[in-house]
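Visitor: Please model the entire structure based on the sequences and the hints provided.
The listed protein sequences correspond, in order, to chains A and B. As numbered in my numbering, residues 1 to 116 make up the first sequence, in order. As numbered in my numbering, residues 1001 to 1113 make up the second sequence, in order.
Honestly, the hints are just simulated from the structure, not real lab data. Since we're looking at a predicted model, the values are computed, not measured. All C-beta atoms, glycine included, are put in the ideal place defined by N, C-alpha and C. Incorrect hints may have been included.
Heads up, incomplete: computed chain B residues facing chain A, CB under 10 Å, no partners named [claimed, not checked]:
| hint | residue |
| --- | --- |
| 1 | Q1006 |
| 2 | K1009 |
| 3 | Q1041 |
| 4 | L1043 |
| 5 | G1058 |
| 6 | A1092 |
Cβ-to-Cβ under 7 Å is the rule here; a few derived chain A residues that face chain B [stated by the list, open to error]:
| hint | residue |
| --- | --- |
| 7 | Y39 |
| 8 | R42 |
| 9 | T101 |
| 10 | K103 |
| 11 | T108 |
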Amino acid sequence: AQSVAQPEDQVNVAEGNPLTVKCTYSVSGNPYLFWYVQYPNRGLQFLLKYITGDNLVKGSYGFEAEFNKSQTSFHLKKPSALVSDSALYFCAVRSLLFSGTYKYIFGTGTRLKVLA
Amino acid sequence: DGGITQSPKYLFRKEGQNVTLSCEQNLNHDAMYWYRQDPGQGLRLIYYSQIVNDFQKGDIAEGYSVSREKKESFPLTVTSAQKNPTAFYLCASSFPGRQETQYFGPGTRLLVL
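Guide: Quick look at the structure:
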């Protein structure tokens, strides 16, 4: 079965320090991986995606993610955290359904708190 | 939140009542989706539609119904058969294809009176 795991419910980091939000996946075939961010009572905003090519993907707001095929991971990173980065982060994988269509499988989310 | 609108922002349901959540997009996307979000459970797929006049059940379709009469619109009805409807509901859309990004609306919070 295809799945996504975010092993940390919450990550705390001091402002200005680097941050990492972890994601591991289990899929058959080549994975198409995504990161989204959600602010309170809002929809999800797309941050970045990995389709193919360079293992380091750069996205919005200074975020980047590193795809590691051997470790089946797609961790989200930022060199210097801001208080405004505090939000709920979701990792997702695009999954091929039996019908030939696609759906997303989301992780359970990681709450990031950046402390001033 | 792009070109996807959801209404209302908050919705209150009385016991035994059916309620309908609206989702409209002007992105010319073929595919549309409904998710339910509960604390600590991430997003769960309710229904999805790849083209007009066609839709498929997701992982938690019981107690919900949808229609897709127009490309731009994908309303979700929460029926009285859904015994625990309190949640945050998110609509999303995308072009078909494995590489396409899914974009989300701002959400509707459904509460039971």
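Visitor: Determine for every hint whether it applies to the structure shown.
Guide: Quick rundown of the hints versus the structure:
no., hint, in the structure
1, Q1006, "holds (8 Å)"
2, K1009, "holds (8 Å)"
3, Q1041, "holds (6 Å)"
4, L1043, "holds (4 Å)"
5, G1058, "holds (7 Å)"
6, A1092, "holds (8 Å)"
7, Y39, "violated (10 Å)"
8, R42, "holds (6 Å)"
9, T101, "holds (5 Å)"
10, K103, "holds (6 Å)"
11, T108, "holds (4 Å)"
Hint 7 alone, counting from the list given before, is not met by this structure.
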